[in-house]
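*Asks:* For reference, the chains in residue letters:
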Amino acid sequence: MDKNAIRNFIAKRVAQELKDGDVVNLGIGLPTFVANFIPEGIDITLQSENGFVGMGPAPAEGEEDCDMVNAGGQHVTILPGGAFFDSAESFLIIRGGHVDVTVLGALEVDEKGNLANWMVPGKMVPGMGGAMDLVTGAKKVIIAMNHTAKGNHKILKKCRLPLTAMECVDLIVTEMGVMEVTDKGLLLKEINPEFTVEDIQNATEAELIIPDDLKKMAV
Amino acid sequence: MDKNAIRNFIAKRVAQELKDGDVVNLGIGLPTFVANFIPEGIDITLQSENGFVGMGPAPAEGEEDCDMVNAGGQHVTILPGGAFFDSAESFLIIRGGHVDVTVLGALEVDEKGNLANWMVPGKMVPGMGGAMDLVTGAKKVIIAMNHTAKGNHKILKKCRLPLTAMECVDLIVTEMGVMEVTDKGLLLKEINPEFTVEDIQNATEAELIIPDDLKKMAV
Amino acid sequence: MKKLISIDEAVNMIHDGMTIMVGGFLGCKNPFRMIDALIEKGVKDITLIANDTAFPEIGLGKLIVNKQIKRLITSHIGTNKETGNQMNAGELEVELVPQGTLAERIRAGGAGLGGILTPTGLGTVVEEGKEIIEVDGKKYLLEKPLKADIALIVGKKVDKKGNIQYNKATRNFNPLMATAAETVIVEADEIVEVGEIDQDNVMTPGIFVDYIVGGAK
Amino acid sequence: MKKLISIDEAVNMIHDGMTIMVGGFLGCKNPFRMIDALIEKGVKDITLIANDTAFPEIGLGKLIVNKQIKRLITSHIGTNKETGNQMNAGELEVELVPQGTLAERIRAGGAGLGGILTPTGLGTVVEEGKEIIEVDGKKYLLEKPLKADIALIVGKKVDKKGNIQYNKATRNFNPLMATAAETVIVEADEIVEVGEIDQDNVMTPGIFVDYIVGGAK
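Protein chains in written order, with numbering that gives the first Met the number 0: chain A, 0 to 218; chain B, 0 to 218; chain C, 0 to 216; chain D, 0 to 216.
Chain A on its own, in the form it takes in the complex (with noise of 0.2 Å):
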């Protein structure tokens, strides 16, 4: 799979996880593009944490509003429905528990679901934004990314970043599977046809527990 292909499978397989009535926020990069594949007859609500629910997609080109950005600064638009709210509300919706899902990519996940990825110190500190509220809050976090970066693990026995939040990651999903943060470590859930079970165990540092009855992605 190229680059975009990976990208698509795995947002195609973390967008199965919602379900009708969920409200949803979405991290920049990767779990943007979750929202292109959400299943036919379900209703969700995305939030942004800059200020609404009812986030609809980009608008025609020309009919941009600069008063009408999503949490990466990008031209969005809000569906019949939505409701703007000021950021003391959008925090308290999220830090609150009213976000059932937040997608959010990561540099490291360990197997207690620590979870970093917001800074790598003395080279990438851009703050944790709302990052950090959002992993805390809402009531299901998945990571959604590449399984490995360049070829370094990234899923991890111990997050050596500083971090975002502790025991707070409830599913990983990859290119390669997904897995679930358990009590007893990381359960391998499901796994691509495309790789073997020793391919992932070699791709991620932390164990994997591998169930009787493990699943094929089916995307």
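Among the hints, erroneous ones may be present.
[Said to hold, decoys possible] Each pair of labels, with its calculated beta carbon distance range:
| no. | chain 1 | residue 1 | chain 2 | residue 2 | range |
| --- | --- | --- | --- | --- | --- |
| 1 | A | P120 | C | S5 | 40 to 50 Å |
| 2 | C | G16 | A | E206 | 42 to 52 Å |
| 3 | D | V191 | A | P79 | 45 to 55 Å |
| 4 | D | V124 | B | K18 | 40 to 50 Å |
| 5 | B | C65 | C | S5 | 51 to 61 Å |
| 6 | C | G136 | B | A217 | 21 to 31 Å |
[Stated by the list, open to error] Stretch by stretch, here's where chain B covers chain D in the computed footprint (C-beta under 8 Å, at least three residues):
| no. | segment |
| --- | --- |
| 7 | 109–117 |
| 8 | 194–205 |
Just so you know, these hints were derived from the structure itself, not from any lab. Quick caveat: nothing in here was measured; it's all calculated off a predicted structure. Beta carbons are placed, not taken as given, at the ideal position from N, Cα and C, and that holds for glycine.
Position chains B, C and D relative to chain A; hints supplied.
*Replies:* For chains B, C and D alone, coordinates are given in the frame of chain A:
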């Protein structure tokens, strides 16, 4: 003076304390009447803690709106330029020091500015409503009340009833005089010329500080 | 997601012993239809969180008179003598909370905060049993969040996604309670189609609202 | 009370070393005219509280590029490389705050609260130097309120008493900052007569707003 005359005398004197632009919250009972005596040419915004600023007078008979009452449950109006909000914002305004003046009655007030105006154990326990927040948060707390209650002192060395808040009162206005709470005690700033200093001291348990430039209440 | 339900369906979600928040300020305006249905159903041992208990014959006051409330968290009971009577008789447990603290505790419950630090109530009976926290040399009471099983609120205009506009002085605790309960039911004066409320003028976003019932008019 | 002033009058209230809150989210929308006037005046050693530092050539970003900011309290600096450069060079002191905590700290400043207890940041560098408070067995960070000398905010429609309506996604931190500064100046897209904004649809009551200046259009 009869009861109504005393009430109006006190209310009128309190109104002289208000300055152009002040945001003012008036408690129920006597303080409500302060609104009738706001000096010409100054613009006062009345706050009602159930959720608006810009409170206007009672509506004309037959024009009462059951969605439009003040914090005492009485039908009122809102002026152009007013604004409605929820109870959290209402008390953000109050606790956050955005109310310039609050005027309240008292059961007891003492020389340190302690205030008791919300309960008499075993007799009357209506609850504090917004009073504790008001006297804690307002920039200036004025007590407007009759100097004594059935001959009993209300201005004490030390409050005996459960407090509404500690050291919160700035000014006491009664039909006998105007007293300021200072570090050294209660300073009698003005006296109603119908009374002597001896009269007012006799009606007051706390010791009054009598300044050289004691003024006459001019109402 | 079907949010529009009947009064019966709404009241069937409310059971003995639940904690319920009810919007309104001195009966202006309580969810009158749902309260009447609660009285008819006779649910009991309710923990009620509300600004006040209105008047004996109006709104929430009737639930008190009907002895359906076991515990009450409120700022003011002076307008309903029956509340005081039941409290003095030991039939009703009452926790009196300063109104601003009550609002902020409910908001904290909705916002996922562990509590707020307020100067209100310091040096009074309100501080009894509470932790005092010093921040930069000033003392504050630690007041804990409030949550509920059900919030019963009132809206003037509600669209079918649950977006709410309140009317005038009826806003009060409703938007806060909408954030702090497991299930939120709004009693609507008027139910409108999605899109009829401008997104800028929504006061409670529909994501907070689980169900909508029609109001008295 | 005359609230309508010129940009010059507004900027003359802002002096070296002040703490300033500025509304906006990635430049959508900062008070562009007031920022340009601040650059022209050249005030320096400012402590800036803002969600982000926008982009080098847009809004707040220009104040960073022009080195007028000494200390920055913000949630995100990734869109303005110059902010990171000055931070790494030790020219700019930066305190990074989770966005929800930043919003709540500003609100707490406006609301007279001594602080809030949030789970956000626990177990991360954010907790360094902060008090951890346990409430009912759960841990929270005590985050302190923020206040400022001046808040510079933006409104779509502002009446002459200062009542504000924001447009769409431009609401963000503006209503919070309006509560938390000694002096609040709003840059208005459109200034209207008192009474033209329905009292139900006011988003920031005029009592919070000290001065109004006209906006860029």
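*Asks:* What hints, given by number in increasing order, does this structure fail?
*Replies:* Going through the list in order, the structure violates hints 1, 3, 5 and 6 and respects the others.
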